[in-house]
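Note that the working numbering gives residue 56 to position 61 of the sequence shown, counting from 1, and the numbers run on in steps of one.
Because the hints were derived from the structure by calculation, they are not lab data.
Treat the numbers as computed from the prediction; the structure is a model and nothing was measured.
Idealized CB from N, CA, C, for every residue including glycine.
There could be a bad hint or two in this list.
Mimicking BS3-like on lysine-lysine, the simulated pairs with C-alpha atoms at most 30 Å apart in a straight line are [said to hold, decoys possible]:
#, residue 1, residue 2
1, K248, K149
2, K310, K139
3, K299, K2
4, K98, K109
5, K189, K310
6, K98, K149
7, K109, K178
8, K284, K109
9, K174, K98
10, K205, K149
11, K310, K2
12, K284, K300
13, K284, K2
14, K310, K248
15, K284, K174
16, K310, K149
17, K300, K109
18, K299, K149
Ranges between beta-carbon positions, derived for each pair [to be verified]:
#, residue 1, residue 2, range
19, E305, P272, 18 to 24 Å
20, T124, P272, 48 to 54 Å
21, I288, R4, 27 to 33 Å
22, E97, E29, 20 to 26 Å
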Amino acid sequence: MKLPLGKLRNDVLRDVVFPNLGVEDMRVVYGPREGFDSAVLEYDCDHYLVVATDPTLGVPEETFGFFSYHFAASDVAVFGARPRWLVVDILLPQGSERAFVEKAMRDLNAECRKYGSSIIGGHSGVYPTITEPTSTTTAMGLVKRDELKLPLAKPGDRIVVTGKVGLEFAVSAAYFREKELRKLLSFREIARLKRSFRFETVVPDALTAKPSVRGMHDATEGGLTALHEIADNSGVGFRVYPERLQLDPMVRKVLDFYGLDPWSISSTGTLIAIVPPENVGSLITEFNKNGIIAFELGEFTADKKRLLIENGEEKEFPTFKSDPYVELYGDGFTSP
């Protein structure tokens, strides 16, 4: 059976990956599981060590250093830990220029300095079997035991989302399908979209939200359908109200142009916050004070149904089938 493009689907993780994880270790508090993008290890009597790893590939060259930091760092931040240590593996294709490495490392260094992170090791090299620049970053951070944030919800918790839904797809389209988007957007608008890659991180969102939330998740591949993973792991359902969804007008234009809905679109940098109801107002105020748009999209329920409530009508919330971003970057995406 051939595997689809993108992340391995949950059935492959359950059947193939998770049964083959080596020896058990009592210091592993949370290891690999669906919906958990970081591992949690015993560190000392007061702290846990949060560890995450992520690749960076298939991104525009000018964004390479930025994402080499933020893809993995975001997964650490949503567990309540500030990214502190990084191990970075950079593999380059034959013929790569020194100037590319210089820019990538300058950008990576700038993000490390911004968030107080240290690169403590890694590997780098040029190889004939590598077809495009690729990095894999492992990020680590400490969190106090009573401040660990897990992507788990209780009935009544509210779903608060930061306003970057669909941004990853729109930015990628601006880079990879610019000629098509000229039918829709001006050169200035396309340039603005390209610059918006710097919002594709939840590190500042998660560090701001930490005191007010029960748990957090980054809406990466599959976008807001990550709500299903939260519900599965928590034994709850949820209700989402589409009229509350706030999309950047340019992102909405791009999604409409390609005939896409916002629910399963790749949205790296969009924080899904699981929030006790009494904290919603203060959290959104804190987000706004820090220049982060956020809104309450729905709530988790004791009833295990997963519903989209549109004009008073109950519909099943979409499930993840395929991510248009993966198809956009690959060969399977059909433009209008």
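Can you name, in rising order, the numbers of the hints this structure does not satisfy?
-> 1, 2, 5, 6, 7, 12, 13, 15, 17, 22
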